[in-house]
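**Student:** The lines below spell out each chain.
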Amino acid sequence: MNSDQLKSGDSDDLEALFDSIAEQRVWDNDTPEPQPAAVAASVPAASAADSMPAAQANDSVESSGGFDLSPSGDEPNDVFHRVGTLTRKLHDALRELGYDKKVEDVVGSLPDARARLNYIANLTGQAAEKVLATVENSQRMNDDLAEQARSMDAQWDRLYNNEMSLEEFKAHAQQSRDFVKRVASHTNAMGGQLTDIMMAQDFHDLTGQVVNKITTMAQGLEEQLVQLLLDTTPPDQRKQMEETWLNGPVINAEGRTDVCANQSQVDDLLESLGF
Amino acid sequence: MNPEDLKILIVDDFSTMRRIVRNLLKEIGYNNADEAEDGAVALSKLKAGSFNFVVSDLNMPNMNGFELLQNIRSDPGLKHLPVLLVTAEAKKEDIVTAAQMGANGYIVKPFTKATLEEKLTKIVAKMSV
Chain U
7 MNSDQLKSGD SDDLEALFDS IAEQRVWDND TPEPQPAAVA ASVPAASAAD
57 SMPAAQANDS VESSGGFDLS PSGDEPNDVF HRVGTLTRKL HDALRELGYD
107 KKVEDVVGSL PDARARLNYI ANLTGQAAEK VLATVENSQR MNDDLAEQAR
157 SMDAQWDRLY NNEMSLEEFK AHAQQSRDFV KRVASHTNAM GGQLTDIMMA
207 QDFHDLTGQV VNKITTMAQG LEEQLVQLLL DTTPPDQRKQ MEETWLNGPV
257 INAEGRTDVC ANQSQVDDLL ESLGF
Chain X
2 MNPEDLKILI VDDFSTMRRI VRNLLKEIGY NNADEAEDGA VALSKLKAGS
52 FNFVVSDLNM PNMNGFELLQ NIRSDPGLKH LPVLLVTAEA KKEDIVTAAQ
102 MGANGYIVKP FTKATLEEKL TKIVAKMSV
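Residue numbers (my numbering), protein chains in the order written: chain U, 7 to 281; chain X, 2 to 130.
Hints may be right or wrong, so weigh each one.
With a straight-line cut-off of 16 Å between C-alpha atoms, the simulated EDC-like cross-links for lysine to aspartate or glutamate are [claimed, not checked]:
#1 K27(X) with E118(X)
#2 K136(U) with D202(U)
#3 K46(X) with D35(X)
#4 K110(X) with D202(U)
#5 K114(X) with E28(X)
#6 K80(X) with D95(X)
#7 K114(X) with D208(U)
#8 K46(X) with D76(X)
#9 K114(X) with D202(U)
#10 K219(U) with E90(X)
#11 K27(X) with D202(U)
#12 K110(X) with D208(U)
#13 K48(X) with D76(X)
#14 K120(X) with E28(X)
FYI, nobody ran anything at the bench for these hints, they're computed from the structure.
The structure displayed is predicted, hence computed values, not measured ones.
Pulled out of the complex, with its shape left as it was, chain X reads as follows:
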């Protein structure tokens, strides 16, 4: 799949963070992104639209990142969606939980453009396999 074609959903309750991620994705080469301020809004957008990738925070009101991930993995239409978590939570148990729940990547804030690009590229590479 062409990077340009990847439709990415950015989920975070802080608008500045969504903007930063969006700009970074654009610099990396992914120019087709949409945003959601919490897991609930994200889930309804995912069900309605044709997204290929999710970048999500963990701590959010209404529905947090773990709950969103769980809902994605249990929905027949969404379960294969790659999910990259980007969060301030650095506790080992959270990282383990995320991996067990089926997250494809985990980035800890504050992060660099290089890290985002590396993790994203790795996941995308596996997608085309």
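Isolated chain U, as found in the complex:
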């Protein structure tokens, strides 16, 4: 059984694999503890008559002890241990390259990045709410003044058309006076509201500074990861890797079909497109 078969998504293969493992298992009621998985050792085959349906075999795998899981060719444990060994080797390699701390630092900065993004979302949201509320207030006052002005205007028309009695004129005079005071008060308040709306734009500065910090952090993360990727690439693939990740001028166009190696190729390409 090799790892390729284990990777297969084909359920027939998986079932066959499972059955083959199940058949190799030794049923032993006298040894309650499953022995630790061992490397290849010959296996007394389970009696053919005992071949169980896959479902039942599955149950027995999940229940504890009672049978010996150690024999050679015990694939699940073998794979498990291989993965574990690889993980240990990767971790050691990272440590030797000095990356484990760097990766740790970089990953540690991610919650900070999340917090900063939340801060930006909150700040911009608050600024928007504040501005909208202020605008609504201002609009009410503005509408109020507009309506009063319309009414005043109509009254003045009547006055100039000699349609007003003396009593009406006195009332009109009082209304005009009130109107002027109201204009003074409303324009004062609205001026203050305009200042508030202006001040609310300070979110741009505050969020901008935080955005810069996150950008720097992301750049640092990218650099670390690219460097790690380059350092762990086998030597024969490293040059190609560097060209892919570091971009910049095309150093070696040989064999590449996705880039133009010189201006003449660029011109040919453009010409073929009709330029």
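Add chain X to chain U, keeping to what the hints say.
**Tutor:** Below, chain X without anything else, positioned relative to chain U:
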């Protein structure tokens, strides 16, 4: 000195913030202001022009607020210039450093018009003494 005569330099790398400060100063009564986007540009403008007051941020590229303040205080022609810092940095050590370096005031963002007016008035009052 008449408020109208005060020539103020506003230093911040965010143009929206410079605009806000400029508008506020105008509302308070100071209508003679110029702008700089970092400490380096600010320093050259200060050396060239006849400014009476500096309002500056701390976090800026090229030359930050502390460096600008240091350069102002060590230049014989500029060392008496009042400097009001307006910054998002609220750490105590920054505030202490600013005071020790000779800043005349320190405002933390986000700030209100009232705060700016209060600090500005206080510093200007000491200028005429």
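**Student:** Hints first: check each against the structure and report whether it holds.
**Tutor:** Structure-based check of all given hints:
{"no.": "1", "hint": "K27(X) with E118(X)", "verdict": "holds (11 Å)"}
{"no.": "2", "hint": "K136(U) with D202(U)", "verdict": "holds (9 Å)"}
{"no.": "3", "hint": "K46(X) with D35(X)", "verdict": "holds (9 Å)"}
{"no.": "4", "hint": "K110(X) with D202(U)", "verdict": "holds (15 Å)"}
{"no.": "5", "hint": "K114(X) with E28(X)", "verdict": "holds (9 Å)"}
{"no.": "6", "hint": "K80(X) with D95(X)", "verdict": "violated (20 Å)"}
{"no.": "7", "hint": "K114(X) with D208(U)", "verdict": "holds (12 Å)"}
{"no.": "8", "hint": "K46(X) with D76(X)", "verdict": "holds (14 Å)"}
{"no.": "9", "hint": "K114(X) with D202(U)", "verdict": "holds (9 Å)"}
{"no.": "10", "hint": "K219(U) with E90(X)", "verdict": "holds (14 Å)"}
{"no.": "11", "hint": "K27(X) with D202(U)", "verdict": "holds (15 Å)"}
{"no.": "12", "hint": "K110(X) with D208(U)", "verdict": "holds (8 Å)"}
{"no.": "13", "hint": "K48(X) with D76(X)", "verdict": "holds (9 Å)"}
{"no.": "14", "hint": "K120(X) with E28(X)", "verdict": "holds (15 Å)"}
Checked against the numbered hints given earlier, this structure breaks only hint 6.
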